[in-house]
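So you can see what is in the structure, the chains are spelled out below.
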Amino acid sequence: MSKVLFSSITKKFVMALAGLFLLTFLPLHLIINLMLLKSEPGPFNSAAHFMATFPLIKIMEIVLFGAILIHISWGIYLQIQNWFARPVGYVRYNKSETSFFSRFMIWTGAIILTFLILHWFNFYFIKLGIVKGNPEDFYSVAHSLFKIPAYDIIYLTCFALLGFHLYHAFYSAFQTIGLNHRIWSPVVKLVALVYAIILPAGFAFISVTLWLFR
Amino acid sequence: MKLTLKIWRQKNPKAKGNFETYIMDNVSPKMAFLEMLDALNKKLIEEHKDPVAFDNDCREGICGSCGMYINGHPHGPVPAITTCSLSMRYFKEGDTIWVEPWRAKPFPVIKDLIVDRSAFDKIQIAGGFISVNTGAAPEANSILIQKKKSDDAFDSAICIGCGACVAACKNASAMLFVSAKISQFALLPQGRVEARERVRTMVEKMDELGFGNCSNTGACEAECPKEIKLVNIARLYREYYKAF
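Each protein sequence line maps, in turn, to chains W and S.
Numbering (numbering that gives the first Met the number 0) for the first sequence: 0 to 213.
Numbering (numbering that gives the first Met the number 0) for the second sequence: 0 to 243.
Because the hints were derived from the structure by calculation, they are not lab data.
These numbers were taken from a predicted model, which means no experiment stands behind them.
For every residue, glycine included, the Cβ atom is placed at its ideal position computed from N, Cα and C.
One should not assume that every hint holds.
[Claimed, not checked] Result set (EDC-like, lysine to aspartate or glutamate): computed pairs, CA atoms no more than 20 Å apart in a straight line:
id	chain 1	residue 1	chain 2	residue 2
1	S	K169	W	E96
2	W	K2	S	E196
3	W	K10	S	D206
4	W	K2	S	D206
[Said to hold, decoys possible] One side only, chain S facing chain W, incomplete, derived with CB under 7 Å:
id	residue
5	R102
6	A103
7	N170
8	S214
9	G217
Start from the sequences and build out the full structure, keeping to the hints where you can.
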């Protein structure tokens with residue numbers, strides 16, 4: 000049974016499911032973040048308070064962290080296995096026609112993880128009481144962060160890389176769970192492209208607006 | 000044509016190996032790539048030097064033994080052909096051609112450009128067969144099979160096991176090969192009987208041999224000389240999930 004649980008395909012399957020779950024969380028996060036564009040802090044802080052206290056959301060938070068942990072740990076483990084599978088590389092760079100962003104998933108993933116840790120320091124750890132700050136006023140915390148140009152540049156760069164990561168991840172997850180169809184797979188690819196552009200663009204829009212126009 | 004060849008030379012599996020440079024004059028564009036290597040070897044033998052060892056057999060794109068990594072592509076830069084079918088007309092005067100063996104842990108170099116591809120045989124032996132004597136060909140209409148399924152099974156069965164998919168994949172994954180060998184049986188009623196056991200044992204053997212994992216980059220599909228499609232890999236996943 001352990002051979003099945005830890006087979007390359009099972010690991011990919013679990014990783015794909017965890018990734019798909021994470022894909023559903025991002026639009027929710029974006030909707031809440033859009034409230035940062037309002038001039039008064041009330042709606043955003045209420046939404047943040049609701050997310051921090053509502054019991055169902057609290058349960059989903061555990062699932063979310065589980066999905067992040069599985070996605071990252073299996074991703075790193077599989078990548079290490081991949082490096083071991085070719086101990087001696089080629090001298091000539093591989094010129095095979097591939098999906099461009101698929102080549103750099105581990106690196107875009109690593110940068111996104113770094114950003115995630117920074118993000119936790121700025122918000123989630125305040126909620127946990129690890130970092131000093133007012134957990135009831137994330138609106139002000141976010142506004143003050145977006146006023147720092149360096150933070151905005153890091154933020155925008157990371158969301159561009161998130162877009163690259165999501166584009167391959169979205170349709171790749173469907174392939175991994177066995178859903179490849181003559182008609183529907185090109186549709187999934189198109190949806191992946193739209194998702195990978197709109198979502199990071201939404202977050203970037205908030206960042207640029209608060210940085211330059213408020 | 001005058002060409003510069005940079006060829007990987009390695010005396011034996013344990014030797015370090017390095018690239019040797021050879022200048023080839025008067026290469027005809029009508030030559031096949033392997034004929035050009037034959038000409039190089041003739042020259043080396045006349046100079047009392049060790050000829051370049053490379054695998055080859057049918058020289059008509061059927062056996063898949065002539066795999067080598069040419070200028071960043073398995074089987075060279077032309078799609079859907081094996082090295083033996085690669086014509087020198089695709090190269091031009093003054094070109095430098097880098098020739099390397101397949102690189103993957105389960106495909107160790109034996110000598111120069113020859114690698115040990117018996118890992119593929121081990122995967123096949125693990126389950127890529129029907130374990131009963133099926134006798135003579137049955138009467139054509141006794142088991143009805145949809146034309147589409149029959150065609151898809153045939154398209155999978157034309158995999159020659161050359162290893163280009165592993166060579167092209169950035170992870171040295173054998174998923175395209177295994178998926179083709181699974182699909183050729185899974186699509187037909189005769190192959191369904193042992194489908195669950197087959198997919199379990201073949202995937203288990205593939206993992207055990209140290210091939211990498213599939214990242215769905217599509218490099219294998221792009222470089223496969225027999226144009227085996229990625230849909231086979233999705234089918235392999237489905238077969239694997241159904242097996243438990």
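Okay, the hints, checked on the actual structure:
no. : hint           : result
1   : S:K169 / W:E96 : holds, 12 Å
2   : W:K2 / S:E196  : holds, 14 Å
3   : W:K10 / S:D206 : holds, 12 Å
4   : W:K2 / S:D206  : holds, 9 Å
5   : R102           : holds, 5 Å
6   : A103           : holds, 6 Å
7   : N170           : holds, 4 Å
8   : S214           : holds, 6 Å
9   : G217           : holds, 5 Å
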